[in-house]
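Sequence lines, in order, name chains A and B.
When we follow the numbering used here, the leftmost residue of the first sequence carries the number 1, and every step to the right adds one.
When we follow the numbering used here, the leftmost residue of the second sequence carries the number 1001, and every step to the right adds one.
If you are wondering where the hints come from, they were derived from the structure by calculation, not from laboratory data.
Values in this document were obtained by computation on a predicted structure and should not be read as measured data.
Glycine included, each C-beta is placed from N, C-alpha and C at the ideal position.
Just to be clear, a hint being listed does not mean it is correct.
Only some residues are given here: those of chain A computed to face chain B with a beta carbon under 7 Å [as the list claims (entries may be wrong)]:
{"hint": "1", "residue": "PRO44"}
{"hint": "2", "residue": "SER50"}
{"hint": "3", "residue": "VAL102"}
{"hint": "4", "residue": "TYR249"}
Beta-carbon label-pair distances, calculated as ranges [to be verified]:
{"hint": "5", "chain 1": "A", "residue 1": "ARG223", "chain 2": "B", "residue 2": "ARG1004", "range": "36 to 44 Å"}
{"hint": "6", "chain 1": "B", "residue 1": "TYR1242", "chain 2": "A", "residue 2": "VAL149", "range": "45 to 53 Å"}
{"hint": "7", "chain 1": "A", "residue 1": "SER18", "chain 2": "B", "residue 2": "LEU1258", "range": "37 to 45 Å"}
{"hint": "8", "chain 1": "A", "residue 1": "SER18", "chain 2": "B", "residue 2": "SER1014", "range": "37 to 45 Å"}
{"hint": "9", "chain 1": "B", "residue 1": "ALA1088", "chain 2": "A", "residue 2": "ALA121", "range": "38 to 46 Å"}
{"hint": "10", "chain 1": "A", "residue 1": "ARG223", "chain 2": "B", "residue 2": "ALA1203", "range": "49 to 57 Å"}
{"hint": "11", "chain 1": "A", "residue 1": "TRP14", "chain 2": "B", "residue 2": "ARG1166", "range": "48 to 56 Å"}
{"hint": "12", "chain 1": "B", "residue 1": "GLY1266", "chain 2": "A", "residue 2": "ALA33", "range": "53 to 61 Å"}
{"hint": "13", "chain 1": "A", "residue 1": "PRO137", "chain 2": "B", "residue 2": "VAL1142", "range": "30 to 38 Å"}
{"hint": "14", "chain 1": "A", "residue 1": "TRP14", "chain 2": "B", "residue 2": "VAL1075", "range": "23 to 31 Å"}
{"hint": "15", "chain 1": "B", "residue 1": "ASP1191", "chain 2": "A", "residue 2": "ALA148", "range": "34 to 42 Å"}
{"hint": "16", "chain 1": "A", "residue 1": "PRO255", "chain 2": "B", "residue 2": "ARG1004", "range": "27 to 35 Å"}
{"hint": "17", "chain 1": "A", "residue 1": "PRO137", "chain 2": "B", "residue 2": "LEU1258", "range": "54 to 62 Å"}
Selected chain A positions facing chain B (in silico; Cβ < 10 Å) [to be verified]:
{"hint": "18", "residue": "PRO7"}
{"hint": "19", "residue": "VAL10"}
{"hint": "20", "residue": "SER34"}
{"hint": "21", "residue": "LEU45"}
{"hint": "22", "residue": "VAL242"}
{"hint": "23", "residue": "VAL247"}
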Amino acid sequence: MTHIHVPDGVLPVWLWGSGWVVAVALLLIADRASRRVTARRRLPLVGVVSALVIVAMSSEVVPIAYHMNLTVLAGALLGPSLSIVSAFVVQVVLAALGHGGVTIVGLNTLLTASEMLLGWALLQGGLRLLGTKRAAPVAAAATVATLAVTTTMLVGLIAASGTLGATERETGALDPENLTFASPFSEGALRIGLFSGGEHGQEEEAEHAAGEAEHAEALGLARFATVVYTLGSIGWVLEALVTAAIVGYLARVRPSLLVQPRAPAAVLPAPAEHHGGA
Amino acid sequence: MDVRLVDTVATSGSSPLHRASPRTKAAAAALVIASAAVTTNLFVCTGVALAVVAAAVLSRIPLRPYLSLAGYPAVFAALFAWASAPDALSGALIVSKAVTAALAVVLLLFTTPYPQVFASLQRTLPGLVGDALFMTYRAIFVLGEKLDDLIVAARLRSGAGRHPIRSARATVRALGNLVLYAFDLAQREYDILALRGYSGRLAVPVRRSAAPAVDALALAAGTAALAAALAWRVAWRDLLPYSWMPLAAAAALLVAALVVRFARSGGTRHA
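Work the whole structure out from these sequences, hints included.
So this is what it looks like as structure tokens:
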């Protein structure tokens, strides 16, 4: 679940605005961390890996409304700081292709970057523990664990947004019974809740309405979580199989792409040099 | 998603909208997205969507790929709507918002070459991020072609079609080869960039408008869409009975645009 498939105007401004602020801050940090020449050398790699992820995300598995992500693989190839850059680039290009809202690019960047970073960490840790010979099962486990965590983050974001049941807005509805533009759910041209339905203007109904809204929100969130976890888990297995196969292949053919070398130990000067020579 | 087709249409198109300023088109698209975000009226949202389709019709872009690309987010929006909206109207509004915003950004991409779309954005982004945007878009084309070739080669070798598991293995091996190819390509690209004097910023000049009247019209249309969305949101009690008006106006505009397009294409054929 690399990103939220929610259109513009559904999530509250404070949420997507915060997403943009945090994403920009992370991008600035990543840009600063990537100023070394070795990181600049990897700039074209950011381009090609991001392109791989975009191509994967554009191929939908229609029956379960899921698309491949390859984010764990991307994280493994790019490392932490460049993963953040890649996550942003992927979301901007996808938004430009109409895939995902423009206002939620910030939130989507955070979700994708989390997936890449967590995938990178789990894969690196697993490969160091078990070695590249077990790269495929390590990659499969890392993918499933990563997608489970980011799916939970996605459900958490939707719960935090409060859009499932709490937001009351008018929709300008057409009454299908009599083809008038009055509200089909209440008398007269009254407000129809975008998620909860109905305007409860009378004070005596306020308490009842609040209770109903809470109930509707809990119900909506439960339904949303059920759908996402049910369909998503099928997608996790598919994603894990593909990622495991690719990582297993890379581990056989070119393992240096997957296992990043540890930082070399500091070279201590020889005692003679240290003390100014013999 | 055929990004290559989008790019071909954007670079070879000659309609007035193709000649307009990229910045103006981006601003107009932003206004349409803002109107989709602001509106809570299904009819107003659908009306804005139809008006954008009318602009696409007049721009003479291929409608089937345009509508299928812009309709892609509807699948996911419908899933979200089904899971969260309490009634069909609210669900339809969610899907309509997704499709309206997608129609606007996809129209921008169909009428503007991608370096121009990203050039303005690049100036506001850190150097590495802006450059990565250009490299990514270019790599989509390179990798897309390479992936097609690799999959054909892998399937020919594995006798795909008769053995689905062998076919799946061959496809995944093709993907693995693609990653290796991508890695080597990236290193070659950096060497070429360094030879050409790359110092941490790709410079892309923003093209000027060749159709100032269309610029003004696009901005006016975008502003009108946002104004309508705001009006029906703020004064919804008074305007609710008139919700059909923007929809009817946009539908009439779309019919007129279709008539003009088919009349022109008929005239061209006869000529």
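The hints, checked one at a time:
1. PRO44: holds, 4 Å
2. SER50: holds, 4 Å
3. VAL102: holds, 5 Å
4. TYR249: holds, 4 Å
5. A:ARG223 with B:ARG1004: 36 to 44 Å: holds, 39 Å
6. B:TYR1242 with A:VAL149: 45 to 53 Å: Check passed, 48 Å falls within 45 to 53 Å.
7. A:SER18 with B:LEU1258: 37 to 45 Å: Hint holds: Cβ distance 43 Å, inside 37 to 45 Å.
8. A:SER18 with B:SER1014: 37 to 45 Å: The hinted range 37 to 45 Å holds for A:SER18 and B:SER1014, with Cβ atoms some 43 Å apart.
9. B:ALA1088 with A:ALA121: 38 to 46 Å: Since B:ALA1088 and A:ALA121 have Cβ atoms about 44 Å apart, the given range 38 to 46 Å holds.
10. A:ARG223 with B:ALA1203: 49 to 57 Å: holds, 50 Å
11. A:TRP14 with B:ARG1166: 48 to 56 Å: holds, 52 Å
12. B:GLY1266 with A:ALA33: 53 to 61 Å: holds, 59 Å
13. A:PRO137 with B:VAL1142: 30 to 38 Å: Since the Cβ atoms of A:PRO137 and B:VAL1142 sit about 32 Å apart, the hinted range of 30 to 38 Å holds.
14. A:TRP14 with B:VAL1075: 23 to 31 Å: holds, 28 Å
15. B:ASP1191 with A:ALA148: 34 to 42 Å: holds, 40 Å
16. A:PRO255 with B:ARG1004: 27 to 35 Å: holds, 34 Å
17. A:PRO137 with B:LEU1258: 54 to 62 Å: holds, 56 Å
18. PRO7: The hint holds - A:PRO7 has a Cβ within 10 Å of chain B, the shortest such distance being about 4 Å.
19. VAL10: Holds, because the Cβ-Cβ distance from A:VAL10 to chain B comes to roughly 6 Å (cut-off 10 Å).
20. SER34: holds, 5 Å
21. LEU45: holds, 4 Å
22. VAL242: holds, 6 Å
23. VAL247: holds, 9 Å
Taken one by one, the earlier hints all hold for this structure without exception.
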